[in-house]
Amino acid sequence: MIRVLATTGRGTRGALASVGAVVRFAAAVLGHLFRPPFYMGEFARQLLAIGWQSLPVVGLTAIFTGGALALQIYAGGARFNAEAVVPSIVAIGITRELGPVMAGLMVAARVASSIAAEIGTMKVTEQIDALVTLSTDPMKYLAVPRVLAATLAVPALVAVGDALGILGGWLVGITRLGFDETVYLRNTADFLETWDILSGLIKGAVFGFLVALMGCWHGLCSAGGAQGVGRATKAAVVSAAVLILAANYLLTELFFRA
Amino acid sequence: MIELSGVHKAFGAKQVLRGIDLSVATGESLVVIGGSGSGKSVLLKCILGLVAPDAGRILLDGEDAGRAERDAFLARFGMLFQGGALFDSLTVWQNVSFRLLRGPGKLSRVAARDRAMEKLARVGLGSEVADLYPAQLSGGMQKRVGLARAIAAEPEIIFFDEPTTGLDPIMAGVINTLIRGIVTEMGATAVTITHDMTSVRAIADRVAMLHEGVIRWVGPAAGMDEADDPCLQQFIHGRAEGPIASVR
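Residue numbers (the numbering used here), protein chains in the order written: chain A, 22 to 279; chain B, 4 to 251.
If we strip away everything but chain A, and leave its shape as in the complex, we get (with noise of 0.2 Å):
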């Protein structure tokens, strides 16, 4: 019993530690954003790398998930004659939730991944100690421009994922459901209220966050060669999908309590 005990409070000892740890290290990123040098074209390097190059996965998940939310919410709504509440749900659906989730996700498996690793490498072949010998902070260099540009790309990539599911959903109305092009784009705007995008958008910012701060974080505490750099990317991936989930539900909860 006494060694089930001393367990448990050594893993839950485990885990707060890790907590507060990955606490104080947001805290100095955040610090390190107001606080010179700024390494502007790694921040654009980095801008290009997560927003840009992020925007054809992003896109396509966003043009079939607005299909497939069409469909759903026509079968569904035609068990009670509501099959007209396509366009408006399909919009509401993806701008507060879909669009910021999918985006965030997207972004997670391909972005926290990449910096992981990249970092990763970095500390495993010396590099991040030859950064600190060449009188350069691995915290300024590498965590800021990353956590920075990724706050700053994820609500594009959300406003640009919003704009493509609803396309999504328009396609599918009007060629699979029957719905007429003019009233489908009318009634998706009458009912879209500029919170809904907004939301999104925070959503996103806070996602983008979380995808780079768990990438440079892992990549950071990464050790032991090539099988170390792996265990740190799927480490990496893995925190930042369920951060996501369980911010976007602490966000729904704050910007939509019932």
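Honestly, the hints are just simulated from the structure, not real lab data.
No experiment lies behind these values; they were computed from the predicted model shown.
Don't take every hint at face value.
To be verified - A short, non-exhaustive set of chain B residues, derived as facing chain A with CB atoms under 7 Å:
#1 F90
#2 F101
#3 D231
To be verified - Partial list, computed: chain A residues near chain B (C-beta under 8 Å):
#4 T146
#5 Q148
#6 A151
#7 V153
#8 T154
#9 S156
#10 T157
#11 E214
#12 D217
#13 I218
Note that the Cβ used here is the ideal one computed from N, Cα and C, for glycine as well.
With the hints as your guide, set chain B onto chain A.
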């Protein structure tokens, strides 16, 4: 002058350094030898502050290294890492001029590139490699680029971590000659860690042997062969039999 006294460092239960007492005079080339896993790299990292020692003092020209202003302290050092540690995402010239493009003494890109070219030439590399990425270079060329980066800002102290590991004997000889030549012409203080005895004989003014976490023997390179320390003799002659366990 670098002075270490009573430096201890452990990683978990493994005690790596058990009280290092060592000094390196200004302008001297000291080579630290010792078996794999004996703590040579940890020793260098403790001096640079990359690893915090658990106990002991490290002084640089009488000033406590732990309390020195970090950027000014690091600006006095250059380091060649074992694997080169070149930044994969930057070209060769950007690697060499990394420090020159940042910080208080920042140069323009044109001036930094010129300096990088000059240092690359010093290590025997032509301008044709300047715009290549590290992955496009051979191991020997990567070491040379690492060496050029270590000397780019003309530091007072240069650390060389296993400079010839992984190189063929001819390339190792080239690197040894370069290190000796550069250290002499710059008048820099050099600390090299290696277990390559050819390097030791080519580079060292003085040799220190690290064994079981302490400096086991220290003396002039010329006196190494006549020393009566059995550990040192076993190490420099590469004998399997002796006080140093062959399986560690």
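Residue hint T157 of chain A, partner chain B, criterion CB-CB below 8 Å: holds (6 Å)
Status of the hint placing F90 of chain B at chain A (closest C-beta pair under 7 Å): holds (6 Å)
Restraint outcome when S156 of chain A is required to lie within 8 Å of chain B by C-beta distance: The hint holds - S156 of chain A has a Cβ within 8 Å of chain B, the shortest such distance being about 5 Å.
Satisfaction of the Q148 of chain A interface hint, Cβ to chain B closer than 8 Å: Nearest chain B Cβ about 5 Å off; hint holds.
Restraint check, 8 Å cut-off on beta carbons, for T146 of chain A near chain B: holds (6 Å)
Status of the D217 of chain A interface restraint (C-beta, 8 Å, chain B): violated (39 Å)
Minimum beta-carbon distance criterion (7 Å), D231 of chain B to chain A: violated (37 Å)
Minimum beta-carbon distance criterion (8 Å), T154 of chain A to chain B: holds (5 Å)
Given hint A151 of chain A near chain B, where the shortest CB pair must fall under 8 Å: holds (4 Å)
F101 of chain B as chain A interface residue, shortest Cβ-Cβ below 7 Å: holds (5 Å)
Interface hint for V153 of chain A, Cβ within 8 Å of any Cβ on chain B: Interface hint status for V153 of chain A: holds (6 Å vs cutoff 8 Å).
Restraint outcome when E214 of chain A is required to lie within 8 Å of chain B by C-beta distance: Not OK, violated: E214 of chain A not within 8 Å of chain B, min 43 Å.
Violated hints, listed in ascending order, are 3, 11, 12 and 13; each of the other numbered hints is respected by the structure.
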